[in-house]
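> Given the coordinates of chain H, work out where chain L should sit on it, guided by the hints.
2 protein chains.
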Amino acid sequence: MGGLTVLAALREHLPSENFIYLGDTARLPYGTKSPATVSRYASAAAATLVERGVKALVVACNTASAFALQALQQQFAPLPVFGVVEPGAEAAALAASQAADDSGVLVLATESTISGGAYQRALMTMLNGQPVRGRACPLWVTLAEQGPLDEQFVQTVLAHSLRGFTSTGPSTVLLGCTHFPVFQPLLKALFDELFASGARDSAVNIVDSADTTARSVATALRQRGLALAAEGAGEVRYLATDGAPRFKSVGCHFLGAAIEAVELVDL
Amino acid sequence: MGGLTVLAALREHLPSENFIYLGDTARLPYGTKSPATVSRYASAAAATLVERGVKALVVACNTASAFALQALQQQFAPLPVFGVVEPGAEAAALAASQAADDSGVLVLATESTISGGAYQRALMTMLNGQPVRGRACPLWVTLAEQGPLDEQFVQTVLAHSLRGFTSTGPSTVLLGCTHFPVFQPLLKALFDELFASGARDSAVNIVDSADTTARSVATALRQRGLALAAEGAGEVRYLATDGAPRFKSVGCHFLGAAIEAVELVDL
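Chains as they are written, first to last, in this note's numbering: chain H, 1390 to 1656; chain L, 1390 to 1656.
With the rest of the complex left out, here is chain H (with noise of 0.2 Å):
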């Protein structure tokens, strides 16, 4: 589900391309799964992409960005395999360091992703001794998934996965979890108000690494030549491993706009 925040702005920076989502709702979510397992079902889902034609692939989902990239680069060599970890690393290492003090990171992700601590690793050999510190979030996905409800609420739930954080720091959060993106309005105002008050002026710097990873890839295909000319607006296709009507109702929040029809596929 949360892969469709990264969909939306890789159509925002590549807008002429052609793109098929595959979504596995059948076994989501991945994040609160073991590494090998993880492992196994991305590597059936990229093959289900694979044999379409793609031109590259894009791991749209951080626990399995952290635990298979690697792999799957490997299995679909010499196709460009493109993870969500490692743009959000670098781009909150550069906030981070651009920062007015050097209070750090706050990698806020799933229970998986945060214990594989493959953003952590990323982080400090790219910062230069400032903290890196990890939360597990572990209600935001289904809370995400919900779609809009009452804003007090939503609040009193992420601030509840903040407690103990104080005034201090981070200088720079990066949403480690392609669900949280939904949240961003509410995690600003939440973070200004925990992070910024008294011991810091500026606002905190939120890094997303949705947004992070679309400008990557658009980069990328570029600089290999694979990118289209901008030439009017590509098309989405959607497939997915379970209840489409689900796909359809969830998924529209995520990506911010309908989802016409679905393939159901099986892998």
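No wet-lab data here; the hints were simulated from the structure.
Some clues are possibly wrong.
Stated by the list, open to error - Rough simulated footprint, nothing fancy, chain H against chain L, three-plus residues with beta-carbon under 8 Å:
hint	segment
1	1489-1498
2	1526-1534
3	1538-1549
Computed from a predicted model, the values in this text were never measured in an experiment.
Note that beta-carbon positions come from the ideal geometry of N, C-alpha and C, so glycine has one too.
Just chain L now, kept in the frame of chain H:
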């Protein structure tokens, strides 16, 4: 995960029996998935247990019971296959019919169980015109899997799902998801506050499908001469399809006891 509340109840009512418990952790949760997919998963899980020579099968998940019970009974006949929906509905209908007023039953369950309507249909045929209402509580499953959190926060999330109900009803609440019994003490206070103020003198009846199923299975096994004579404590073997560490750490909250060894199986 929630099936462990059913296992705990079964062990209480059948202390000498041996159990094999299978948690389909690679594909949980079932509560957002379609009937066809839930049936397919339930059939594969049941086959794994039947191969190990069980004398009876309990479908310890409301969503799987609602969508797959009949198919499993046919697939594995003459093996007794028990679900959680019918015992829960019968107990709730009995409680509502004995209540001081006819304000009916509220079923709290997952998205798929509520939208499938199995509980509502069963209750409507059993209750003489009393209202039957269903409410999906999608956040509760994820919340329950977090283990103990601060009570005030949990109460806020629980209360949010009950918004719109007033002091006029219901007399009886059916917990139609095996995850929900872990909230029972908090829910009791909440229901009494929401539903028992003013209009109602008596406390709200809470029917837990885990406990009612265990009673019903114990009775059925005895009637069929399948129950073991009570001699010492039976053993439990745990199988899971993914993530043994998470199965142990999360599962103990549902079981109310430690889980020692977990065997990984592939369906």
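> Each of the hints needs a verdict: does it hold here or not?
Hint-by-hint comparison with the structure:
Only residues whose C-beta sits within less than 8 Å of a C-beta in chain H count toward coverage, and the segment 1489-1498 of chain L has 0 of them, not enough to reach three; the restraint is violated. Residue count for the segment 1526-1534 of chain L with a Cβ under 8 Å from a Cβ of chain H: 6. That meets the three needed, and the coverage hint holds. Check result for the segment 1538-1549 of chain L against chain H: holds, 5 residues qualifying (beta carbon to beta carbon below 8 Å, three or more required).
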